[in-house]
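Q: Heads up: the protein sequence lines correspond to chains A and B, in order. Under the numbering used here, the residues of the first sequence are numbered 1 to 307, in order. Under the numbering used here, the residues of the second sequence are numbered 1 to 274, in order.
Simulated from the structure, these hints should not be mistaken for laboratory data. Hints should not be assumed to be uniformly reliable.
[Unchecked claim] Distance windows between CB atoms, simulated:
no., chain 1, residue 1, chain 2, residue 2, range
1, A, R54, B, M216, 36 to 42 Å
2, B, S167, A, E235, 23 to 29 Å
3, A, G39, B, S167, 18 to 24 Å
4, A, E235, B, G85, 22 to 28 Å
5, A, T174, B, W268, 56 to 62 Å
6, B, S167, A, D15, 19 to 25 Å
7, B, W268, A, E28, 54 to 60 Å
8, A, T25, B, W268, 31 to 37 Å
[Said to hold, decoys possible] So these bits of chain B aren't anywhere near chain A, every CB distance computed over 10 Å:
no., residue
9, A5
10, Q12
11, V25
12, A33
13, A50
14, G85
15, L89
16, L91
17, L145
18, G187
19, A188
20, R190
21, W205
22, G210
23, R215
24, L220
Just so you know, even glycine gets a beta-carbon here, dropped at the ideal spot from N, CA and C.
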Amino acid sequence: MAAIELDGVTKRFGDVTAVSNLDLTVPEGEVFGFLGPNGAGKSTTINMLLDFVRPTAGEVRVLGLNAGRDSVAVRRRTGVLPEGYDVYERLTGRKHIEFAMRSKEVDDDPSAVLERVGIADAADRKAGGYSKGMRQRLVLGMALVGEPDLLILDEPSSGLDPGGAREMREIVRTEADRGTTVFFSSHVLGQVEAVCDRVGIMRGGNLVAEDSIEGLRGAVDEGETLTVTVDAASEDDLAAVRALGGVTSATTDGGTVTVSCDADAKTGVIGALEDAGVTVKDFQTEETSLEDLFLAYTEGEEGEVSA
Amino acid sequence: MTWTAVARKDFQDAIRSRWVAGLSVLFILLVSAAAYLVRPAPGETISSNAVLNSLVVRDALVTTLVPLLALVVAYKAVVGERESGSLKLLLSLPHSRADVVFGKVAGRAAAIAAPISAGFLLPAVVLLVAPPVNFDVVSYVGYTLLTAILAVAFVGIAVGFSAAASSSRRAVAGAIGIYFLFVPLWGAVRFPLQLYLGMGGGPSWLPLTGQQVLRMLRLLNPTGSFKIVSNAFLQGSLYTGGQVNMQVSATLMLVLWILVPPLLGLLWFREADL
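Same shape as in the complex, but just chain B:
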């Protein structure tokens, strides 16, 4: 079990790429912009949760940009080394192919978590000292962590494709395909679908109600699962109250997205001639 050596090397390598520095700056700017946009009127106070719940942070940054950037940071993880030839260096050392795939998931996860942490926590220094903001440390740090977990789910997807693909073109095609399915496409069909299923439509051959189908689709989508967990968390009702089952399922789905795509990728990678 030498995946920790692979993860450490990969993190050291990835953190030095210009991407990670650029993303840190981007995240800091976006979170700061969100804080500016939701600033309280004179004489009023707001909670730091308002920043997290803003359109810029929740919808633009976290559930739209973070998945895309996680894919960009991770899609070359394995296939990039295969194309450059450094994979031969890596596999000359006593690593199994599973060590490589899961070491890569861990390394890239850390590499995307770094700009996310910087992006949220540096602007927090300003929020912390701004008098009209009630800074809720637990929810702020927790939300940062949940965002990192969402990113790691997409890292898992990207590394899975990266391990299975024989060229980085194929890996990026797979990763971007998943992104379009889960983010823009889902965003476009969600409301029409909700209306249709809510009015009793839906496949009659399924022993499920329209609402149940909708809920399953939301759970299957990592950004959907993320929203279920993070909304409950910000409302202080995570794993308590009426929606517990849904929240537990959503948490499990995120874990599955982190582990299952790399495992599937490994099945191909294990059999591949380099």
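For reference, chain A alone in the conformation it holds in the complex:
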């Protein structure tokens, strides 16, 4: 069964379309990384899973239940680290965890939870005095209460130092081993590639890519970026390069030409440039990293990437 199922979901706020006709399925037990730059529609999508906002069109199902009508039942089995939350400044960390336990109607030891997220020593201090990272740990602790079937983490690493981010990944992994489905968003690829089974990349309200990390890596492994230093090159000179087989894209700023291509197409590119009358002074190649691909998806101009 699917843990999360979005079917033709659109959300508009006034004239702004935050999410546009989104189809997405996350099977049970999967760790799914939901990537994209800020403002891509990630949080709006998550807010629809939790019934914080209602879709303009389409259907949202979580754990087999209707996300709107059965929201309380969904949230009883879901742990959430929301985005843009605030803690109760006047209540201690322990009181927060106790509140989560009473709300989920489970009887457990708050100390064990606080221990697990690494803030046991601050348990009886007011959360108003917590740092951003401690607040993030506290709310993660609230999310873990009651052994949820689904964890929804919106930008879980924000505010955490590298050590904290690593602990966060370890907790995600432990939960996943327990069989929990984990759905988490990030605008930084590095935080998710180590733990995710699969990622989806959002941009401008659309899902522009959806694949396993291995799949994405496979797609980029064959590719290289060739940077050629030239005397002068124009758009016209690039036409011959673009016409070559194995070339994905070619751009120039006049002094350098940047070409994405298969490894064995490099010689052809240099030759084509020289044939066009461009003097090649130097060139270097670089393997495209996953990060480059992610940046191309999220920062490049719309439509530039067609992978």
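Mind docking chain B on chain A? Use the hints.
A: Then chain B, alone, in the frame of chain A:
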């Protein structure tokens, strides 16, 4: 049904605010001042009811200040959490929006009842041991309870606005608007209106006498309903004697003010995108 968890959390949170501590001190001082002002002349005795019926307690504290302070304590209940973002924490947990609204009514009701109880009961310790005061425990505790109920009616109004409003500015505008309507404005027009209606004036298109219109207006106002119930209570004639209908209506009106505004607020809150 997890509204009790919301109420408990909200009470724990609100009771730690400086407002509640400040209000407790204020109420204690005002009730003590009232006790001092109505102190008996040497050789005479008074009933503790004289303290409750004094201008300071009945008119200044209970029917003027308590409604205002209840609104202040409660107007941010929902919209404040919405603005700070803690509402996302609250609704990440398995609460329905109705749990949130009614949990908030209960939590804030307890948070305003605490300073009211402290304000009345701490000075009572002094009255209890002062020889010239006949301390009527039942009427004193009962009046404290009725005052708390009046406060809760205004908590209901404030939480209703708080749930419906998209910003705390709007919530406070609504709450203060209601306060001005029911307290200063009503206080200003009451006597002229009474005179006018008593002399046979009033809308001729209504199948009601001037007296009936006046009575309805008094009932509609929570402070009016409170006075009907509390006066009867202090006179020992609550739900007995000739005014029973009026007293039952007034009691029901107070209950309606506690429940209906939060329900109306919930209608908006349920549909809102957070």
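Q: Now tell me if each hint is right for this structure.
A: Consistency of the hints with the structure:
Between R54 of chain A and M216 of chain B the beta carbon distance is about 40 Å. The supplied range of 36 to 42 Å therefore holds. In this structure, S167 of chain B and E235 of chain A break the distance hint of 23 to 29 Å, their C-beta atoms being roughly 52 Å apart. The supplied range of 18 to 24 Å is met by G39 of chain A and S167 of chain B, whose beta-carbon atoms lie about 23 Å from each other. Between E235 of chain A and G85 of chain B the beta carbons are some 49 Å apart, a value that contradicts the proposed interval 22 to 28 Å.
Between T174 of chain A and W268 of chain B the C-beta distance comes to about 41 Å, which lies outside the given range of 56 to 62 Å. Evaluation of the 19 to 25 Å hint for S167 of chain B and D15 of chain A yields a pass: the beta carbon distance comes to about 21 Å. About 36 Å separates the C-beta atoms of W268 of chain B and E28 of chain A, a value inconsistent with the hinted range of 54 to 60 Å. For the pair T25 of chain A and W268 of chain B, the supplied restraint of 31 to 37 Å holds, since their beta-carbon distance comes to about 34 Å.
A beta-carbon of chain A comes within 10 Å of the beta-carbon of A5 of chain B; the shortest separation is about 4 Å. A beta-carbon of chain A comes within 10 Å of the beta-carbon of Q12 of chain B; the shortest separation is about 6 Å. Here V25 of chain B stays apart from chain A, with its beta-carbon at least about 19 Å from theirs, past the 10 Å limit. Non-interface call for A33 of chain B relative to chain A: holds, since the shortest CB-CB distance, roughly 30 Å, exceeds 10 Å.
No Cβ of chain A comes within 10 Å of the Cβ of A50 of chain B; the nearest lies about 39 Å off, and the non-interface call holds. Non-interface call for G85 of chain B relative to chain A: violated, since the shortest CB-CB distance, roughly 4 Å, does not exceed 10 Å. Listed as a non-interface residue, L89 of chain B fails to keep its Cβ farther than 10 Å from every Cβ of chain A; the least gap is roughly 5 Å. For L91 of chain B, the shortest C-beta to C-beta distance to chain A comes to about 6 Å, within the 10 Å cut-off, and the non-interface label is violated.
The Cβ of L145 of chain B lies farther than 10 Å from every Cβ of chain A, with a closest approach of about 27 Å, so its non-interface assignment holds. Listed as a non-interface residue, G187 of chain B keeps its Cβ farther than 10 Å from every Cβ of chain A; the least gap is roughly 36 Å. Every Cβ of chain A is farther than 10 Å from the Cβ of A188 of chain B; the closest lies at roughly 39 Å, confirming the non-interface assignment. No beta-carbon of chain A is positioned within 10 Å of the beta-carbon of R190 of chain B; the least distance is around 41 Å.
Every C-beta of chain A lies more than 10 Å from that of W205 of chain B, the closest at about 44 Å, which supports listing it as non-interface. For G210 of chain B, the shortest C-beta to C-beta distance to chain A comes to about 50 Å, beyond the 10 Å cut-off, and the non-interface label holds. Every CB of chain A is more than 10 Å from the CB of R215 of chain B (nearest about 44 Å), matching its label as outside the interface. The claim that L220 of chain B is not at the interface with chain A holds, since no C-beta of that chain comes within 10 Å of its own (minimum 36 Å).
When held up to the earlier numbered hints, the structure conflicts with 2, 4, 5, 7, 9, 10, 14, 15 and 16 and fits the remainder.
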